[in-house]
Structures are given as structure tokens and as C-alpha cells.
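Asks: Sequence:
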Amino acid sequence: MRDSVIALAECLDLAIEVQERMLGCLQTQRRAIIAADHAEIEAAATEMEGELLRLGGIESNRTRLAAELADELGVVAARWSAIREGLETYEREYLGERVARVEELVRDLELHNTINGQLIGNELELVDVSIRTLASGDAQASTRAYTSRGDASAPAPANPVLLNLAA
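Under my numbering, the residue at position 28 of the sequence shown is numbered 15, and the numbers go up by one with no gaps.
Bear in mind the hints are in silico, worked out from the structure with no lab data behind them.
From a predicted model like this one, the values you see are computed outputs, not experimental measurements.
Mixed in with the good hints, there may be bad ones.
[Claimed, not checked] Have a look at the derived ranges for each label pair, beta carbon to beta carbon:
id	residue 1	residue 2	range
1	His25	Arg51	34 to 44 Å
2	Glu112	Ala22	34 to 44 Å
3	Ala30	Asp(-10)	16 to 26 Å
4	Thr50	Ser117	42 to 52 Å
5	Arg88	Asp(-10)	41 to 51 Å
Ideal Cβ placement from N, Cα and C applies to all residues, glycine included.
My request is simple: use the sequences and hints to build the entire structure.
Replies: In C-alpha cells, the structure reads:
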């Protein structure tokens, strides 16, 4: 087996490890969002930032290794769809299972991130409704001042309320 194929496979293995840890962070973050555990949400986000930085370095290396392999094979593009055609069957299988896992993890990461974003959007809408209701004392104030998409759907409350903090 070519050294360049082995090097690319090792790089993909590192990417898979980081992506799996990122997926774990997103799952932890989702549980924390549901439990309204703000400290855990922040801790998961901080851990994910570190993993994202690691993944950036790995991705730069993967891009370089794929380009070197493409050059070695005489392939114009360094994409998997182009590279795999120039590989021997056993090399294609060796790399193919890793490429498939990376693609699967990317889809899972996108899905989990979208769900977490929607959960946070729902939390923000609930907070907005609560604040508007408290601020106006009006049942109609429960309409949102904005939606999770960011567009205006109701005017802001017009009557300021003085809260008795001594009570």
C-alpha cells in the first residue's frame, strides 16, 4: 500500500476522533439546554471550540495529503470522487470506509447543531414572552417581539412598569 494512502488514512482517523468528540459535546449541550444548565452549555461550547481548532489543523493536513496523493495518481482534482478512481481496490476500500464515516459524522454534526439551535431559539422566545407579559400586565403582550428567525412580529410594550424591589 502506498505511504500516501496510509498517511491520508491516519489523518482521516484523527478527524473522525475529533468529530466524534464534537458530536458528544453537542449531545451534552442538548441535554444542558433542555435542563437549562447554563454552566454546562458554556462548558460544552468551550470544549467544542477547542475541538474545532484541532479539526481545522487536521483538515489543513488532510487537504495537503489529498493533494499529494492526487498528484501521485495524476488526478487533476483532490476530491475523493476523483482520487478513488486512481486507487487500487484495496486502497479504495481502506480509505473509503474512513471517508464514509467522516461524511456520516458531518451530517450528524449538522443535524445536532440545528436541533440545538432550534432549542435555544425556543428558549429565547419563551423568555421574550415572559418578559413582555410581566412588563405590560396585558394578556396581549404575550405575542413575541421577534421570532426565532429574527423578524418582527409584534411591537414592543409601550407602558413601562416600575417594579417594587423592596417588596
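Asks: Run every hint past the structure and note whether it holds.
Replies: Status of each hint after checking the structure:
1. A hinted range of 34 to 44 Å holds for the C-beta pair His25 and Arg51, which are about 40 Å apart.
2. For the hinted restraint 34 to 44 Å between Glu112 and Ala22, the CB-CB distance of approximately 18 Å leaves it violated.
3. Under the hint 16 to 26 Å, the C-beta atoms of Ala30 and Asp(-10), about 40 Å apart, miss the expected range.
4. Roughly 47 Å separates the CB atoms of Thr50 and Ser117, a value that falls within the hinted 42 to 52 Å.
5. Judged by the Cβ atoms, the range 41 to 51 Å given for Arg88 and Asp(-10) is violated: they are separated by roughly 22 Å.
When each numbered hint is compared with the structure, violations occur for hints 2, 3 and 5.
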